[in-house]
Every structure is written in C-alpha cells, then in structure tokens.
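Colleague: Next come the chains, spelled out residue by residue.
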Amino acid sequence: MPKPKIGFYWCASCGGCEESIVDVAEAILEIAELVDFAIWPVAMDFKRADVEALEDGAITATMINGAIRTSEQEEMARLLRRKSQVLIAYGSCAHTGGIPGLANQFSREAVMRYVYHDCPTVVNPQGTEPQTEYHDEGRVATLPEFRDVVRSLDQVVDVDYYMPGCAPNPTLVLAAIRTLLSGVLPPKGSVLAPDIALCDTCPRIDTKPVDLEVATFKRTHLHKVDPDVCLLTQGFLCLGPATRSGCGERCIRGNMPCTGCFGPLSNVHDHGAKMLSAMTSILAAEEEDDIDKALEGIPDPVGSFYRYGLPVSMLRRKVDLPFGHRN
Amino acid sequence: MPEDTQPRILAFFCNWCTYTAADLAGVSRMKYAATSRVVRVMCSGRIDPQFVLSAFAKGADGVLIGGCHPGDCHYISGNTKCLRRHRLLKRMLADMGIEPERLRLEWISASEGDRVKTVINEMTADLKRLGPLKLPERCVAWDVEAIDEEPDHAEAVAKEAVHA
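Those protein sequences? They're chains A and B, same order as listed.
Residues 1 to 327, numbered by my numbering, are exactly what the first sequence covers, in order.
Residues 1 to 164, numbered by my numbering, are exactly what the second sequence covers, in order.
One thing to keep in mind: the hints can contain errors.
Covered stretches of chain A, as calculated for chain B (at least 3 residues, CB under 8 Å) [claimed, not checked]:
no., stretch
1, 90-100
2, 141-155
3, 217-226
4, 284-296
5, 301-310
Derived DEER-like restraints, expressed as beta-carbon distance ranges [said to hold, decoys possible]:
no., chain 1, residue 1, chain 2, residue 2, range
6, B, 27, A, 114, 53 to 61 Å
7, A, 145, B, 77, 48 to 56 Å
8, B, 77, A, 117, 44 to 52 Å
9, A, 290, B, 121, 29 to 37 Å
10, B, 114, A, 120, 54 to 62 Å
11, A, 114, B, 122, 34 to 42 Å
12, B, 30, A, 322, 51 to 59 Å
13, B, 71, A, 109, 43 to 51 Å
14, A, 139, B, 94, 25 to 33 Å
15, A, 213, B, 114, 33 to 41 Å
Over the 12 Å line for every Cβ pair with chain B, so calculated as not near, a few chain A residues [to be verified]:
no., residue
16, 122
17, 130
18, 138
19, 201
20, 249
21, 323
None of these hints come from the bench; they were simulated from the model.
Yeah, the Cβ is synthetic: ideal placement off N, Cα and C, and Gly gets one too.
Work out the full structure: start from the sequences and follow the hints.
Modeller: Structure follows, in structure tokens:
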C-alpha cells in the first residue's frame, strides 16, 4: 500500500510555522517513515506542476500556513484544496489572519508607498513599484496581484481543521499528525487545541485574586515584570482570560504576557471585543477622566486585541479604506 | 443618504431606567424619529462589545446604549462597567474608521422620556449627515477581488470524496 501523502505550503507568513514542524525534533523521522511528502517548498523540491499532476484528493492532508494576500496564494490554496482530502489552516495567519492581517488597517496604496518609498531603509531613486506585467522585447514577465484585503485561509477555501498558534506548539502538531494518520478524525471545523482559556492552565493562576482589580495598564518595556505573579494582577495587558490554551504557556514562562496567538475559544465570536470587555471590566477607575487615564497603557487597542485576528473579526478591515483598484 | 432612507439605530436600553423612559415617552405620546430598534437588557453592564460590533457588521448605522445615571445602577456598578468598555471601544472603533457619532452612550433615568426623544432625534440627524455605514455591503464588495474566476467542479468532487 502506498504511504499517505502529506503537503505543507506557505502563503503570507514569516517561516516560523515551518520551523515549528522541524521543532517536533526526532519525531519528524517517525513521521517521515509513515508518509510521503507531496509538496513542501521550504524543504523539498516539488513544484506546482507536480501537484497539478496529482489526481484530485490524492494528498491525504495539506497544512497551509500564512494569510492570503496575493492572487498566487489564492490559486495555490484552491489547487491544494482540490488535491487534498483534508486541509488544515496551520498557524495563526492561516487560522485567523495573524500578524499580516494587521495590514487590514491600511490601504493597499499605503502599504506600497511605505514598503517601496517611505520606509527609512529603502533606496529606490527611480520610484520602482512591482507591476503585475512587464513587457520586454516581446516577452512578458508576470507577478501575482497584491490584493486590497488580507484574508484567513477559510475566507478563500473550505478548511477542515485549524491548528492555532504563532507558531503552533510541536506537541499539538505531533498529536494532530498522529490523529490524521489514525484515520479517526475529529468533527470538521475543529480547532486542534483544548477549548479552555489560557488562565486555566497558567502556572501563575494561584496568584490571580478572585476579585481582580487593576488601577492602570502598564506596558512591559516600561516596567519590571515580576516572574512569579499573575501578569494581569501586575497590570500588564495579558490576553489569557479570552485566549485558547494549548500553547504550553511559553510566553508566560518567558515572563511575557499572552498576546492571544491561539485565538478565541469556541464560544467567542470576536476575540478582540471579548478581550476589550474583559480588560475594561477589571479596571478600578469609575470616573470618565480616571478611566481614560488608566487606559493610556493601551495606546493601540486594535493592535493589542486583534494582534492575530483582525481579518476574522466582525469588522474585518478598517471600514473606510478604498478597495476594488482593479475590479 | 437619499431622503427616503432612514438610518438604522440599534438601541440597547437597560430594563430599570432607559427602557422605562422609552415606555414613558410612548405613553406620553411623544413623537420622535422611527429609526431605532430597541433591545431591552437587564443592565447596561450586560452589553458585550461583541453586541455592538455585531450590530454594525449586520447593517446598523448606529448603536445607542442607554443606562441608569452613575450611582443609580440597579446592580450597583453595571453602568460604570459599561462606561469603561465604552471609552475604549469608542477609541477602537475610531481606529477602525467608524465615526464616533455612530456609538452613543446616554444615561437616561426612568422619568426622562423626553430625553429619549431628544437623543434619538439628535442621533438620527447625526447619522443622516454621516450617511449609511453599509458594512455588510462593503464586505461583499471587498471580496469581489478574491472570487474564484474559474470555479472548478473538481473542488466539489474532492469535498464529496472526503465526506463520503
């Protein structure tokens, strides 16, 4: 019997998710024994044509990381969807839009202007910008279209499972791959991580008072962080109360507050709104001026509460931005 | 906004003060713009910011929250909780391009029926000036760029193979 085929692909991502696959360490050898790889651009030399040559549904499972921003990423997502029995959104960006999703606060033009002109490290005296087509002596070179909007994977193709995290935790990754190979699949749409809040599994939970009250929000680069006490109790913005657990509390153990990469729990519709609600609820201030002063420690609410999930939030994108530059 | 389209305001009124005030406005036969749909909640502290975003995402042009005056909350401090959420939510909405007039918080006691009338009329005028938000329509328009131009029948075939 041929071995089941597995695919890995990356879209708008940093490469950290690829790293997390390698982070399963020696167990990767066990996986490599059990499966064949159909595509894995970061590690193996398969091309798009190799995937196109496969029959539909020939790949047992494909894990796509990264958000979807370009027409090429859309095409590859659709191609891999067709060729795969199971498609997994791997990592925060594919799951909820991730860090690249924060670009939904800016127009396509603003992104281009900054990246190709205004960024202090850019030297571009001719003002060159990428074009989707370039003609030279009868030959045409093409580049993918850069979209107005950043999307999560399931906003472009049908997704079977979600592996949360920036990057996903190797323990969960290994468990997920073993589950897939076992053939006993969880219900479609499952997030392959526990459905409990990070606070529940936090090593500092005993230092979190029942009636938590915070005078003001502090920022970690301006204050000393006590390594043993609940970060919220200390007044640092920690998203543990409304973020899914399963990450191994790596940030907390590294003395950093949770920034919410595992995304919301299943009963939350808008991660950022829920976080905003939780954080303002524990404030002590009662008068308008005092409240505003206490909230000065959260200078960028969108960036703080939607750090990994702006594209899947209820608003999705800054509402007054232009769109349809080529429609 | 064309003259015949009225803005749509989703109003969350607390059971003990503002909803009773709206009732009073009704029995007093006060006339005001028929632009609000009122949802009665037990306390303004019950209003999850998700409700507000959901209202906008589903087509509301404005969201009005009405609660008891500070110090008068039936549940002691629900309205201060609402105020704290409101202060930050307003900032966040501004960052997302939603004008501050679209979310309004008002303390209206049970005896202030005329205040309900004034606030809804004012908000209606503000929203008419701003024009409709049309978020559901915007979302559809944003996604035109990502529509699969050659929807492949094979996609449906692959799906069937998995769930067979």
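Colleague: Any hints from earlier that this structure breaks? Give me their numbers in increasing order, please.
Modeller: 1, 3, 12, 14, 21
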